[in-house]
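Undergrad: For reference, the chains in residue letters:
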Amino acid sequence: QKEVEQDPGPLSVPEGAIVSLNCTYSNSAFQYFMWYRQYSRKGPELLMYTYSSGNKEDGRFTAQVDKSSKYISLFIRDSQPSDSATYLCAMSELIQGAQKLVFGQGTRLTINP
Amino acid sequence: SAVISQKPSRDICQRGTSLTIQCQVDSQVTMMFWYRQQPGQSLTLIATANQGSEATYESGFVIDKFPISRPNLTFSTLTVSNMSPEDSSIYLCSVGGGGGYTFGSGTRLTVV
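So the protein lines, in turn, are chains A and B.
Residue numbers for the first sequence follow the working numbering, beginning at 1 and rising by one.
Residue numbers for the second sequence follow the working numbering, beginning at 1 and rising by one.
In case anyone wonders, no lab produced these hints; they're calculated from the structure.
Please note: incorrect hints may appear among the correct ones.
Output of the computed footprint for chain B on chain A, the stretches with three or more beta carbons under 8 Å from beta carbons of chain B [what the hints assert, rightly or not]:
1. 16-30
2. 44-58
Below are the DMTMM-like pairs computed for lysine to aspartate or glutamate, each with C-alpha atoms no more than 25 Å apart in a straight line [claimed, not checked]:
3. A:K42 <-> A:D66
4. A:K42 <-> B:D26
5. A:K100 <-> B:E58
Note that the coordinates shown come from a computational prediction; the quantities given were computed from them, not determined experimentally.
C-beta atoms are modelled at their ideal positions from N, C-alpha and C, and glycine is treated no differently.
Isolated chain B (complex conformation) (with noise of 0.2 Å):
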């Protein structure tokens, strides 16, 4: 299966900035996930990153709030935009299909 390196591990932001997460895949996929994980919640999708083309948002995700690059098919990046302190969460990125999906070890986003 494939390997992740999804970084920074945890960061502490003020209110009102932005956040750029990275996640690099040792190998190429057509299509990489992003998740969020509230404290003491589940994982909800955020949106789906096809390499060439805009990324595909879940209901309740806007692209001013989380824009997704995705610049080649082992490589993507989130950012959080305009912080504030409900932005508090694990942020990871997957990839997979068909039953088997790999995980990042996730970014503990903190907005103070």
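Isolated chain A (complex conformation) (with noise of 0.2 Å):
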């Protein structure tokens, strides 16, 4: 079983629409919670990152992290032609006094106008 799971999709929806992208983990020792969005032929971008239990929000972005259920969200409203890209998920561990960072798979999304 691999640390963090995520459905690599694709996933295609109409512009305007809610996007729901995922990931679970079996790490309980993972602190930082993550999203990057990584365009074709680019490096990832962090969109957001949480460190507990909850909500975060950032314009149309909103990052939820359930601790108890080992599951996390990336929520993107009135999506945009423009959010077509992978996105991945990503979880951090603290080791031997660094961070390190597990990704999932990264799910392809995109909008269609």
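Could you fit the two chains together into a complex? Lean on the hints.
TA: Next up, the structure:
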């Protein structure tokens, strides 16, 4: 079993739809929970991160963490074609003084005009 | 957040040769991280590079294959040695801590 599971998609939705992206994990020691967006031929770009259970909102993006269920989500409201990218969840654990990141496989998202 | 310049952005190399990838950060950082992203896959940590000490490698990665240098607090190199087609991947460097990490734009390596 992978430490972090993410449905690779692909996911295709019409412009303006609400998008829900999800990851599950098995390691209770994970401390930070992150979402990255990666456009084709680019490096991952940090969208949001959270440290505790609950919701965090930034514009059209909402990150949700449920530590009891080991489940995290990213919601995108009023989705735009420019949101078309691969979305990666990542989680980190403190090991020997450094946060070690573990990534999900990434979900390829397409927003259709 | 830090800005990372990574080069080359892409290369096509012959099997058996080596390629050195460079990462320059616009601020001093203690740790730099090197990742591999194989086609259609997620990112896998290769090693963590601290300035002034040997890099720490993750399971499945060895120094002879992926030697790393970290001569100062703003620069690091990763060499992919004795390449085979299985080494064809995107290689990325990263800096950061806590919940926030910045990535370079990546080096797309194709081994023929």
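Undergrad: A separate judgement is required for each hint: does it hold in the structure or not?
TA: Now the hints, each set against the structure:
1. 16-30: Contact hint for the stretch 16-30 of chain A vs chain B: violated, 0 residues under 8 Å.
2. 44-58: Answer holds; 6 residues pass the 8 Å Cβ test.
3. A:K42 <-> A:D66: Given that 25 Å is the threshold and the Cα spacing comes to 30 Å, the pair is violated.
4. A:K42 <-> B:D26: holds (19 Å)
5. A:K100 <-> B:E58: holds (10 Å)
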